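Q: Put together the whole structure using the sequences plus the hints.
Note that the protein sequences, when read in sequence, are chains A and B. For the numbering used here, add 2 to where a residue sits in the first sequence, where the first one is 1. For the numbering used here, add 26 to where a residue sits in the second sequence, where the first one is 1.
Bear in mind the hints are in silico, worked out from the structure with no lab data behind them. Computed from a predicted model, the values in this text were never measured in an experiment.
Some chain B residues flagged as far from chain A (calculated, every beta-carbon gap over 12 Å):
| hint | residue |
| --- | --- |
| 1 | Glu102 |
| 2 | His115 |
| 3 | Leu134 |
| 4 | Arg143 |
| 5 | Arg190 |
Where chain B lies over chain A, by a calculated footprint (3+ residues, C-beta under 8 Å):
| hint | region |
| --- | --- |
| 6 | 9 to 16 |
| 7 | 234 to 243 |
Ideal Cβ positions, reconstructed from N, Cα and C, are used throughout, including at glycine.
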Amino acid sequence: MGDLKTFLLSWSLEPTVLIGLGLAAGLYVRGWRRLRSRGRGGRILKPWRAWCYAGGLLTVFIALVSPIGTFTSLFFFMHMIQHLLLIMIAAPLIWLGAPMLPTMWAFSRRTRRRIGGLFHEAHPVHRLFHFLTRPEIALALFILVLAGWHHPALYDAAQGRTVVHDLEHALFFGTALLFWWPVIHPTGGKRRLPYGAGILYLFPAKMAGFVLGAALTLTDTPYYRTYIEAPRLWGISALGDQQLGGLIMWVVGGLLFIVPLLALVLMMMRQDEGDVWVPEVVRAREAALVDAPSA
Amino acid sequence: MSGASRGTGAALLLLLLATPLLANGGTVRISREPVGRYLISVMSSPTPLRTGEVDISVLVQDSAQEVVPGVAVVVEAVPLNMLADTVRHGATRQQATNKFFLAAKFDLETPGDWEFRVHVGEKDGGTASFQATVTEASLLDRPYLLAALILLPLLLGGWLLGRREEAREPAAARRR
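A: If you want it as structure tokens, here you go:
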């Protein structure tokens, strides 16, 4: 078997990931259909949002289940690709899919009321989310988790241990979702930050990836015991692997930030803050509030 | 309960009960050790080893670190200082998640110290081994299930209370 073919056959069909993704997709599709059957779906949720959501879930699938996920135990650079897929592609795509509304509408009116109650302004869950999605908090958590998990002691502790590794991924993905919240509101609603401030908000995160990537690349010492001890394939040394991973974070991560930065610049130039998002919100709220708990 | 709620509940339950896949990875036990004309690396999963399913994955390479296909690999789990049977399994590519590896899966029921002997090839091969302690599996090893066992009664209680209150409301309204 050729190396490429062998690589492409190495899938980790982890049941927890498959069930989780199936559940997320199933609820979205069901809610979407229900909204459409009431003649609202087309107006509230445009097809591009569903495509974004599907793309986000597909990216999670590729990151965790495909050979990229399988080879993270052998190569640091595969881990970097996996993390970039989760935090830079999957998280923003999922929020662009505006998943809150269709997911809520997958449930009965009674359940929607109960879930909706959690997001009532007075509810502690709402207050907690409001706090965590404050731009300065979300940004700080994102950078802290990104830098913290790359400390060799924590990184090595996570490898091979299912629970700690799951926690690592959950924190990466969870803080990425919080990080993108202020610039892409997941109800398709009004963002926390105006376009100009959104541009400034993205820069510190871009710089954190830049510094971390450079630190991993411009060194002659492999930092991670996991990869020093790991079996080597394809003639890539532990140091070469780490430098490649650093370069991916540094260059590819930096390039991936350009996409949302450009999008925000374009939006700002159009100066249609109100036209782009708000009508959707108004319509979404009209639809959602039909069954939402009274304030 | 609506179809979506039942479906979500069932999926969440499956999610919590699902046994994590023992992918080839985990702890490196033997790293690029010469065995006959081969270099072998061995990884074990889960970390730490527990009673129940144990995955031993073997990578067979030549001196140039190219993967060597078609080499027979047998893994033997030998109990040390305890009463248990020695178990032997052939390592195969079919059982491996990472198809560069050959994997053997064991169902070890006895906690204690075990020696894992990896026999590679025939005349041109040899044996490498490592020792590891297999601990008794407990509920603490499955934190998701443990969390579910704590949370489920609370959620169920909340749901039942909610239903009772909802049932009372129309009755109270009728009385008014």
